[in-house]
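> Protein sequences appear in the order of chains H and P.
The end of the first sequence is residue 482 by numbering that gives the first Met the number 0, with every number in the run present.
The end of the second sequence is residue 482 by numbering that gives the first Met the number 0, with every number in the run present.
No lab work stands behind these hints, which were simulated from the structure alone.
Just so you know, not all the hints are guaranteed correct.
Pairs involving identical chains hold if they fit within one copy or between any two copies, as the list cannot separate such chains.
What the hints assert, rightly or not - Calculated pairs, EDC-like style, for lysine to aspartate or glutamate (alpha carbon to alpha carbon, straight line, at most 16 Å):
#, residue 1, residue 2
1, K181, E46
2, K245, D104
3, K181, D437
4, K295, E221
5, K181, E291
6, K409, E362
7, K159, D135
8, K181, D414
9, K181, E439
10, K466, E365
11, K234, E355
12, K245, E221
13, K370, D397
14, K245, D126
Predicted model, so just to flag it, every value in this text is computed and none were measured.
Protein chains: 2
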Amino acid sequence: MKTIPPERVSVIALRMLREALGESVETDRDQLYPVAYDGLKIAGSPEALIKIERSEDVSAVLKIANEYSIPVTCRGAGSSLTGGATPFQGGWVLDLSGLNSISIDQPNMLAICGPGAVVGELQEQADQLGLFYPPDPSSKKFSTLGGNVACNAGGLRCVKYGVTRDYVLSLSGYLPTGEFVKWGRATRKFATGYNLRDLWIGSEGTLGVITEITLRLILATESRITFLAAFEDDKSALGAPLALCKMGIRPSIIEYMDRWTIDCLQKYVEKEVFTGIAPRPMLLIELDGAPEVLKKEQEMVSAWLRNSSIDFRTALEESEAEELWEVRRQGSSAMKKLANTKLNEDIVIPLNRQVELVNFVNELREEFKLKIGVFGHCGDGNLHVNFMYNEEDPLETDTAVTALHRLMDKVISLDGAISGEHGVGLAKTPFVRNQFNDAEWNTMKAIKNTLDPKGILNPGKIFDVFKPWDQKKENVVLSWEHK
Amino acid sequence: MKTIPPERVSVIALRMLREALGESVETDRDQLYPVAYDGLKIAGSPEALIKIERSEDVSAVLKIANEYSIPVTCRGAGSSLTGGATPFQGGWVLDLSGLNSISIDQPNMLAICGPGAVVGELQEQADQLGLFYPPDPSSKKFSTLGGNVACNAGGLRCVKYGVTRDYVLSLSGYLPTGEFVKWGRATRKFATGYNLRDLWIGSEGTLGVITEITLRLILATESRITFLAAFEDDKSALGAPLALCKMGIRPSIIEYMDRWTIDCLQKYVEKEVFTGIAPRPMLLIELDGAPEVLKKEQEMVSAWLRNSSIDFRTALEESEAEELWEVRRQGSSAMKKLANTKLNEDIVIPLNRQVELVNFVNELREEFKLKIGVFGHCGDGNLHVNFMYNEEDPLETDTAVTALHRLMDKVISLDGAISGEHGVGLAKTPFVRNQFNDAEWNTMKAIKNTLDPKGILNPGKIFDVFKPWDQKKENVVLSWEHK
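Generate coordinates for the entire structure from the input sequences, incorporating the hints supplied.
Have a look at this one:
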């Protein structure tokens, strides 16, 4: 039996880590601060940063960490919006951004990638070979595949193409003990033993450390058409997913913006989206596919929009489409002008309950006199509900938090989920318990205890209640937030 | 502490079961025999059969079974080819075929089904509403959705549309303790907590009992074209998946039959598939989609076949296509004429390793003087390798088993999996251990021990070595085997 006094454990562990990994271990305060927080901007106090250059080094780190029960938090770009990459319980940060290789196997339509590879770079490389990796979170220009797998990231095109999970064929990596494992194979079919691959996907770095991801790619889309339309009311706009489906059309994107988002946006850019009409709910619809089919579908969608919308525009060219997308992209920045703090909730509900949810948000807005904007992926029921408030104002904060709890209860009652694509991290821990009954919750905890008995991997995430609104936010600008 | 002598435990448990469930409990020998075996035809000795009429009754059964450590084996149609539904360690058989409801939610493109619903019936009902449930195991006319989920069933169209897992949105059911759980929601996106849904899928009834399955459906295909082609050699035939993909074509089906299968088939039906040519490797290719696109693709595939095949036929109509499919379907029956026992292995390997595998099978055939036919889903690397032998001949049996072990080692060395769609059950337990390293194997066992600590659910499956060739096969004809 070791009899090291607890206060010395981390010192000894750190010394062993240095012996094993030498210069890739940083303990300098200046180096540690930028990895102390992520997109949630709430900082932890890491004791060391380990820049991983070779997969095998992950094993060495974990063996020591597991022996001495040191928390280990994995990090790619650090763009998690939920605090998923925040080392909130201290310990070591495992920076996997250096494992950023992308190797595309064109004949087999596969990509073998490091967890640090940036999603957008994979998409660009695939595109050059006539291939396509569909998941496209808004963060795709900087977020990494490891993080995307860790929280089963989605994005805009999931309505037609599915989420990250739908493209992962196999995952290689390490258990908390430092033992190497590979879950799944580079084959679409697999019926041999338990599916740990899909248990790791979405487990937010709490069950293992991913060092290689094999993804399937699909054939690139031949052409695209984009529509921007304004509707009389939410019901007309949110009817689109079901109406188009009934016509036999499966759009690649259907994005919704409520009139509050549009209003905010118009004030921000000082320009009307559609001239002469008051701010209205809008949709951005993209169709993709073979030109022969697209032509027919374009006519059908146009006919439907003529009947159902107040006004609409069509973009056949990439550059025209880009203008329409700019409207959607500015939504988030515009909203930040309303108040200094945004609680961005990525709830998901069944398609036919969306109107009910948006009506409920309208009631909340009125009852609590809150600034709330709703936009997002209405093609798959994944709406982003943004609560804006000033965090220095305790009353405003309290009100926003009360309303947020009401929203989450409503989401669960509509048979939805509190997170569709961001994960639980720290930010959604106040709500996650209500998503599950006792048996479900205990099963998840039992799995965590079995696969990570010392609880070293990303501790505090998913299971422990953490209230982000009670915490000081770091006054930092992330590299991708620069204009 | 209870102090019941072990021999009396099952009697007491059975009495409690009768008290709880009354007439749905059968213990009559004649009633028990038909559920003592499944498609593997090796019989266990069940002590009771419980015909489940209401989901809640599953909870009552499991509570008693778990208290008294009684094995519980779930059963749908009993069509498992691996012994997955065989109550080999005795105990109780839970017949879920009565939970066969199918409820299609057309606007949301969902199906909510009982585990006892037959796959083909769901497909027919969906088709009438212009919707499509793609997974199509050859057993679809009788196999149930519960079984399909339990072993993550595949089929022919997976090459384009994916496997059962790709369509399951949520699963409801019971833990071994009898506690109700629901994993996932009727939404495509879900990033809230651990994904137990996909852990249950493919776990062959060893982790929980499924009582409701929510599936997503897609829009029905507009039209189809089928090609049957004979090739000079395996290399030319097996090059099709990559060649077509390179042309930007994604067929809905690519089925391969080696020349041994064709030879066997031609002798069986006393007719040549293509007149005047010796038995050659053949492909059945199906394209589906919008007519405008299909027309273009038909020309491309025809041009490719003119260059690459010896001879080919095209079927534009359903009835013509049916004739071509009949060729493929008789493969299995024809093969049964070669010997009385068939070991049907549904291995899966990366697309570009298929020629290597088929060459290896050719070497085995020669070295061991064995009758082996290979056919199957070469579009996704899921080849069915059929070893034919007479089980009364110990030498022939030994030879087949030795060759089979060699095949499985080869599959694993090619980075494939020993089962692509049938599951491990009993039949593949002699090979499954080699698929995993110690860490992977121990992780899977740890999950089993955590989620089913008393080991009551489908005991003996996946983890314990069982040699089907050492067992007596029941001389029975299953209902779907009748001509």
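> When Cα atoms must be at most 16 Å apart, do K409 and E362 count as within-copy, between-copy, both, or neither?
within (12 Å within a copy, 63 Å between copies)
> Checking an output row: K181 and D414, CA cutoff 16 Å. Within, between, both or neither?
between (34 Å within a copy, 11 Å between copies)
> From the Cα coordinates, with 16 Å as the cut-off, is the pair K159 and D135 best called within, between, both, or neither?
Close inside one copy (12 Å), not across copies (21 Å); limit 16 Å.
> If the cut is 16 Å between Cα atoms, do K234 and E355 qualify within a copy, between copies, both or neither?
within (9 Å within a copy, 57 Å between copies)
> When Cα atoms must be at most 16 Å apart, do K245 and D104 count as within-copy, between-copy, both, or neither?
So K245 and D104 pass the 16 Å test across copies only (12 Å; inside, 37 Å).
> First find the shortest C-alpha distance between K181 and E46 inside one copy, then the shortest across copies, and answer within, between, both or neither for a cut-off of 16 Å.
Cα proximity of K181 and E46: none, with 30 Å in one copy and 40 Å across.
> Could you place K245 and E221 in one of the four classes (within, between, both, neither) given a Cα distance threshold of 16 Å?
between (24 Å within a copy, 14 Å between copies)
> Is it within, between, both, or neither for K181 and E439, if the alpha carbons may be no more than 16 Å apart?
between (26 Å within a copy, 7 Å between copies)
> My question is about K181 and E291: at a cut-off of 16 Å on alpha-carbon distance, are they close within one copy, between copies, both, or neither?
neither (43 Å within a copy, 43 Å between copies)
> Is the C-alpha distance from K466 to E365 at most 16 Å within one copy, between copies, in both cases, or in neither?
Classified as neither: same-chain Cα gap 25 Å, cross-chain 69 Å, threshold 16 Å.
> Quick one: K181 to D437, C-alpha cut-off 16 Å, is that within a copy, between copies, both, or neither?
Between copies, since 11 Å is at most 16 Å while 31 Å is not.
> State whether the alpha carbon distance between K245 and D126 is at most 16 Å within one copy, between copies, both, or neither.
between (31 Å within a copy, 14 Å between copies)
Hint violations for this structure: numbers 1, 5 and 10, all remaining hints satisfied.
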